[in-house]
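**Student:** Those protein sequence lines, which keep their order, are chains A and B. According to the working numbering, the first sequence is numbered sequentially starting from 1. According to the working numbering, the second sequence is numbered sequentially starting from 1.
Simulated from the structure, these hints should not be mistaken for lab results. A portion of the hints provided could be inaccurate.
Residues from chain A shown here face chain B by an in silico Cβ test under 7 Å; the list is partial [claimed, not checked]:
no., residue
1, Leu360
2, Asn361
3, Ile405
Note that beta-carbon positions come from the ideal geometry of N, C-alpha and C, so glycine has one too.
Chain by chain, the residues:
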Amino acid sequence: MKQPDSVKDMGRRPGEPLAQINQFEQIPLPPPFDKLEDEPEFAQLSDSAREKYVVLDDTIAVNIEKPTTKEEEEKLVNGFLSGLEKLFSVEDNWTFLQPFEMSMEHCAKCHTCSDACPIYEESGENELYRPVYRSEILRRIYFKYIKKASPSLHGDIDLNWETVARLIELSYRCNLCRRCAQTCPIGADNGLLSREIRKIASMEMGIVPKELHDDGSVLQLKVGSSTGMTPMIVKDNIEFIDEDTAERTGYPIETPFDVQGADILLIHNAGEIMAWPENPGAFATLFEAAGLSWTLSSDVIGYDGINYGVWYDDVQFARVAVRHAQVAKKLGVKKIVLGECGHAHKALTVIADKVLTGDLNIPRESAIVTMRDILRSGAIKIDKSRNDFPVTLHDPCNMVRLMGIVSPQREIIHEVVPEGRFREMAPHGVENYCCGGGSGFAIMSGHNFQDWRHRMTGRRKFRQILDAFQDESMDPSHMKYLCAPCSNCKGQIRDIITYYDAFEKAGIYYGGLVELIVNAMEDVQPGFIDWEWH
Amino acid sequence: MMTTLAYVVAYLGLVFFLIACVARFMMWSKMPMHVRWELYPVAHEGGGKAAYGGSYLEETDWWTKKREVSLVGELKVMVPEILFLVALREHNKKLWTRSFPFHFGLYLVGGVTALMLVGGLIVGYLPESIAAPVGKIISSVVPFLGGAGLVLGIIGAVGLFLRRRGRALRDYTAPADLFNLIFFIAAFGVALVTFIGFDRDFSMVETFIVNLVTFNLAPIGDGTGGMLLTLSAVLLALLVAYIPTTHMSHFIGKYFAYHSIRWSDEPNLAGGSQEKTIHELLSRPVTWSAPHIKADGKKSWLDVTLEDDDNETT
Ligand code: SF4
Ligand code: SF4
Chain A
1 MKQPDSVKDM
11 GRRPGEPLAQ
21 INQFEQIPLP
31 PPFDKLEDEP
41 EFAQLSDSAR
51 EKYVVLDDTI
61 AVNIEKPTTK
71 EEEEKLVNGF
81 LSGLEKLFSV
91 EDNWTFLQPF
101 EMSMEHCAKC
111 HTCSDACPIY
121 EESGENELYR
131 PVYRSEILRR
141 IYFKYIKKAS
151 PSLHGDIDLN
161 WETVARLIEL
171 SYRCNLCRRC
181 AQTCPIGADN
191 GLLSREIRKI
201 ASMEMGIVPK
211 ELHDDGSVLQ
221 LKVGSSTGMT
231 PMIVKDNIEF
241 IDEDTAERTG
251 YPIETPFDVQ
261 GADILLIHNA
271 GEIMAWPENP
281 GAFATLFEAA
291 GLSWTLSSDV
301 IGYDGINYGV
311 WYDDVQFARV
321 AVRHAQVAKK
331 LGVKKIVLGE
341 CGHAHKALTV
351 IADKVLTGDL
361 NIPRESAIVT
371 MRDILRSGAI
381 KIDKSRNDFP
391 VTLHDPCNMV
401 RLMGIVSPQR
411 EIIHEVVPEG
421 RFREMAPHGV
431 ENYCCGGGSG
441 FAIMSGHNFQ
451 DWRHRMTGRR
461 KFRQILDAFQ
471 DESMDPSHMK
481 YLCAPCSNCK
491 GQIRDIITYY
501 DAFEKAGIYY
511 GGLVELIVNA
521 MEDVQPGFID
531 WEWH
Chain B
1 MMTTLAYVVA
11 YLGLVFFLIA
21 CVARFMMWSK
31 MPMHVRWELY
41 PVAHEGGGKA
51 AYGGSYLEET
61 DWWTKKREVS
71 LVGELKVMVP
81 EILFLVALRE
91 HNKKLWTRSF
101 PFHFGLYLVG
111 GVTALMLVGG
121 LIVGYLPESI
131 AAPVGKIISS
141 VVPFLGGAGL
151 VLGIIGAVGL
161 FLRRRGRALR
171 DYTAPADLFN
181 LIFFIAAFGV
191 ALVTFIGFDR
201 DFSMVETFIV
211 NLVTFNLAPI
221 GDGTGGMLLT
231 LSAVLLALLV
241 AYIPTTHMSH
251 FIGKYFAYHS
261 IRWSDEPNLA
271 GGSQEKTIHE
281 LLSRPVTWSA
291 PHIKADGKKS
301 WLDVTLEDDD
311 NETT
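With the rest of the complex left out, here is chain A (with noise of 0.2 Å):
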């Protein structure tokens, strides 16, 4: 294993990577996949790629091309010191400032954090990916450059582009998960810094990757969603899953569109209505089985949940929610749902908390809390029968470390799930681990990237969820479900599942929340949940 000695090696080291991982001396994973010369192979880097972008490690993320004069290389410079400026100012970052200069002030170095993360855990503790490398980095660019302190008190580092661009692509190396940040002794949060270089990347620099900005944010803001679905798209698609839902359940349901005052505006992650048309049939169901006001908009964004920015850039994610809300006033709903995605969560019900003021101010709620509330009142019949297979629980952390929604969707399977079925990851609510596809990293895959992800951020993931069913057998035939109420995390989800081909090789099955409430339904016909893989 290849790793950096020192943290001055950032500006050091010309055009090498400064770590790479040999898949052959990674932890292995649990059974049936606990044979490390069985593994796929570990895409390489091509070198057409090492030649034209700036090199970190074994992949890249964010495509920074390699300057080839002395202005670019100045330009990457001054433009990182520029946006670190403006990170300690009240006008360009009122948003995060008291957040982000505790972190930069107060951090110990004491690396209680390290253990926390799963990505430095499965690394093999590499030091590039030691939560606080990349902390340490930007702290002292900061003291030295900016403050122009000596760097006898806070540490030394050389500055030149490849620092800068290997610090931003650094910053793609971590999900903002904030598992390190619960251990912090001091109250320091690596994972807020990770975020505020890649604000310095996007805001200051117009540095970012495509798959979060141009096909992302900028995609959404201008069409209406990051999938590319248009208005007339989406309520064609909508009709089509209404119709292909009907036919598996025996259970007719027609989806309402733009109901002007009703309680409920529904926003599905718009990737479910192309990937996963199963989950907003579910909800169609479920919703109208339990005689709900509700609806979904057809208005640009109004039906597609995501918020890239919560991951990147302060301005994208307020135009975002602004948008959010403007389509909840018009329609003159009580309530704004999120559905199943933990980042559309946190965007719009916890970050936007402190953007949206007057009439755009209407309340927002998690949909599993309102799914736990149906199944409270009694509207619907469960027949838990139906349900008995093995289940473990995915927690996204966007629902629980950072919202405290940890009971409602475990109180949910206890009503649909057979006792004894259900088993919890170890750890779990709020101590759980990312999925590996968080900070955006479920839908970047450039290069050999969605394999850097596999081997390192979804690792842990995988290997929970193997050590969750270790009690069952992994025959294929024995089928056992992995309840992952997020898109973003079914979609890391799904590529780790086919990556190891766990679905054909362990029975290893993955799906939302509501697919189980509806499979359990005893007004719909059995078998909602096809076990087919898709």
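Chain B with the ligands: place on chain A using the hints.
**Tutor:** The following block gives chain B with the ligands in isolation, referenced to the frame of chain A:
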């Protein structure tokens, strides 16, 4: 002359410490409202939710319900955290075995000093009938607690110093970090030598402190004992003044790290008091330079947020 210097440095050290702490506290408390960035478990969540990390967001129509906020819940986490560094014990036992004696030693030394200051005020300003018994009680506990504090503080500081020199932390250690620990070891070390060699009952220190609070700058002790007492007083006073100027002021920052960030979950309810502040912040100008921000230094957050949909790619 030497003792007078000790008095002067002690006054200056204490005054500087207080001013620096207040300034630091003000700095954190005056920071603008930021977006919510809480981290669960949030200790004040009521209704049994804090135990598993739940929040009021687990309730339907949560904005219509009264939030249960438990101060006792906060204290249940804060007090053991301050006294015993519980988070560190849980997540980094090795470091805790060094950090805990260090911090607890500091608390004891700080506590004993405060006790002697109070004792000094009582002895200096209250009638003999009250001052004598109180002074006696204080004099009987001070040597024990003070001695224990110095020993624990030195053991902890030496342990932390060695750890910082170890392989794992060396690269993350600036010369200033080592200096801070050496400063502690030196100041506590001289105080410990004074205590063991010349002032077993802390009587010289107590007299020094009584004199300090009664503004009686009389010389104390003579020979080596007096010199060492003067040196410890000067070193400790300098240390006290130095702490809040470094990242060791985290004892102030940590309060805000918990109360203003990790546990700051107060929602911005429609028509509530937060909306005005948010509006004011959204009216601030933005100067971020990336083309898609479309800032010109004059446009506010509100302006750039409401920019229309011709959003630029990078
Ligand atoms: S972030 Fe916290 S836990 Fe991590 S090194 Fe810094 S002080 Fe220690
Ligand atoms: S936020 Fe998560 S992924 Fe990032 S450094 Fe912390 S623990 Fe690791």
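**Student:** For each hint, tell me whether it holds in the structure or not.
**Tutor:** Structure-based check of all given hints:
1. The interface hint given for A/Leu360 is violated, since its Cβ lies 9 Å from the closest Cβ of chain B, which is over the 7 Å cut-off.
2. Hint status for A/Asn361: holds, given a least beta-carbon distance of 4 Å to chain B, under 7 Å.
3. Below 7 Å, beta-carbon pairs count as interface contacts, and A/Ile405 has one with chain B at about 6 Å; its hint therefore holds.
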